[in-house]
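Here the protein sequences line up with chains A and B, keeping their order. Using the UniProt record's numbering, read the first sequence as starting at 1 and increasing by one per residue. Using the UniProt record's numbering, read the second sequence as starting at 1 and increasing by one per residue.
Just so you know, the hints here were simulated from the structure itself, not pulled from any lab data. Remember, predicted model here, so these are calculated numbers, not experimental data. One thing to keep in mind: the hints can contain errors.
No copy labels: a pair is met if it fits in one copy or bridges any two.
[What the hints assert, rightly or not] Lysine-lysine pairs mimicking DSS-like chemistry, simulated, CA-CA at most 27 Å apart:
#1 12 with 256
#2 97 with 12
#3 97 with 170
Listed here are the chains, written in short residue letters.
Number of protein chains: 2
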Amino acid sequence: MDLTAKTGTTEKTATTTSVLESFAHTSDPRLREVLASLTRHLHDFVRDIEPTQAEWERAIDFLTATGHMCDDTRQEFILLSDVLGVSMLVETINDHKAAAATDSTVLGPFHMTESPVRELGANIDLVGGGEPCVISGRVVSVDGTPLPGATLDVWQADDQGFYDVQQPEKQPPGNGRGLFTADAEGRFWFRSCVPSPYPIPTDGPVGSLLEATGRHPYRPAHVHFIVGAEGYSPVTTHIFVAGSDYLESDAVFAVKESLVEEFVEVDSPEEAAELGLANPFRRARFDIVLQPVIA
Amino acid sequence: MDLTAKTGTTEKTATTTSVLESFAHTSDPRLREVLASLTRHLHDFVRDIEPTQAEWERAIDFLTATGHMCDDTRQEFILLSDVLGVSMLVETINDHKAAAATDSTVLGPFHMTESPVRELGANIDLVGGGEPCVISGRVVSVDGTPLPGATLDVWQADDQGFYDVQQPEKQPPGNGRGLFTADAEGRFWFRSCVPSPYPIPTDGPVGSLLEATGRHPYRPAHVHFIVGAEGYSPVTTHIFVAGSDYLESDAVFAVKESLVEEFVEVDSPEEAAELGLANPFRRARFDIVLQPVIA
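With the rest of the complex left out, here is chain A (with noise of 0.2 Å):
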């Protein structure tokens, strides 16, 4: 008597049917899709790996401590999609832009607080200690025109590599956020402070999957961007600092070499002083190339 058998494929089968035919009757037909594909695809993963029960409650356990990390000011779920290559490969999905328009990338899980509206110009260095820079550029179209009053939602970790939201005693809210308008001209510039590289959170389950595979948590030196201009695709973007440590093994895989931007150093007493920044400091400067929306 074969006490072992296997259980046979017939069976292991007639579930994701069973499971395919519940949800035929959707009415909203991407729903079932999405659910469809969903189905076919879990259940082929669980029989690729053939789980013990015990791992698939190491499964349940931890999607559950990473959903008991979510609060106002944490996004464990964003974080997990970020280190899976999830964030990256649906953002490419949706990159249907023009080779001339700025690159996209992933959102990241700090854009959680709306950035204070800031006039040209400011500083969005609200703490200091950094090395300052002067972040500058135009936004303008694919063919190249300007475009005036185009908005541009910026946001940064500190010299540290902090956000605001990370620190409420250190760091004032705000602080290495702003919404600007572009000028007519469509100009735009600000100042900050040299952005660092930073880990994302790592006292968290993602941070125990990348301790558990080995993974380094650091993403390289970046400023986020969304810009956005009326009668154009909005762009949700970083600009990475050059020759910042982790370009090449990004922990969230968002780097793309057409983002990566120099940060000169400038040893100017009069610029400085113009600026209002001490003296060296560091200067960017980039456009941000929006395309048409198609209509």
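Based on these hints, arrange chain B on the given structure of chain A.
Here is chain B on its own, set in the frame of chain A:
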């Protein structure tokens, strides 16, 4: 100029390659295998459905809400696994038993408190009001040998379809639960009420999913068992009440024909008096068949 050019296949698989490489140095070979498979199947799913950013955000919100629904008495991720057929699939994959042994089925989300130790014959219906029943049988080996001292962990919903942990204000802890030890001939028996079909909890994200897909949330009436004996593989299973509604459309896909048992109506004042039950009552008789642990 083609402004709507779709992102190429190369870009869409590049992220997958990067993620697979990032997990390549995981020291635990099983974890490495699971994460590689997860990455491939999850990315295949995403490429298959091509979610918009808004759809991706809805998925993040759904998982977050599912996590927030979990606490000491509610496990929404198990419910999600159940209604997607994953729990039953994992159960089927791990069912390496001999044909003669009792079939297993899913654990379900309500085995979260320890069942109180009870004497054989005890009534696990501490509230009363339902249709009384007596459940009896033997725990035996695949060759028919009785298994004295076998343990039976039993839990069930009441006649209104609720478990004790769902109604702490109405049901005393341990209502519908009992941990029994079979006698010297492997026999067990206890009293209860006939369980009712019931909806899985619908006030969370899983309930919203069922509603959006036109699926009912009901499970056919059943009693849960985990039965073990020294030297034998334990079985986690249900006994379903023959004739119950929803046997053909269990919301969690857990019905196996071999687990459906008659709860026969008995009209005998003498027997009822002897059992300490109201007349008429119902009687279910079945054996639990375990197989030896493979050395």
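Status of each hint after checking the structure:
| no. | hint | result |
| --- | --- | --- |
| 1 | 12 with 256 | between (42 Å within a copy, 13 Å between copies) |
| 2 | 97 with 12 | between (43 Å within a copy, 15 Å between copies) |
| 3 | 97 with 170 | neither (40 Å within a copy, 60 Å between copies) |
Going down the numbered hints, you'll see the structure goes against just number 3.
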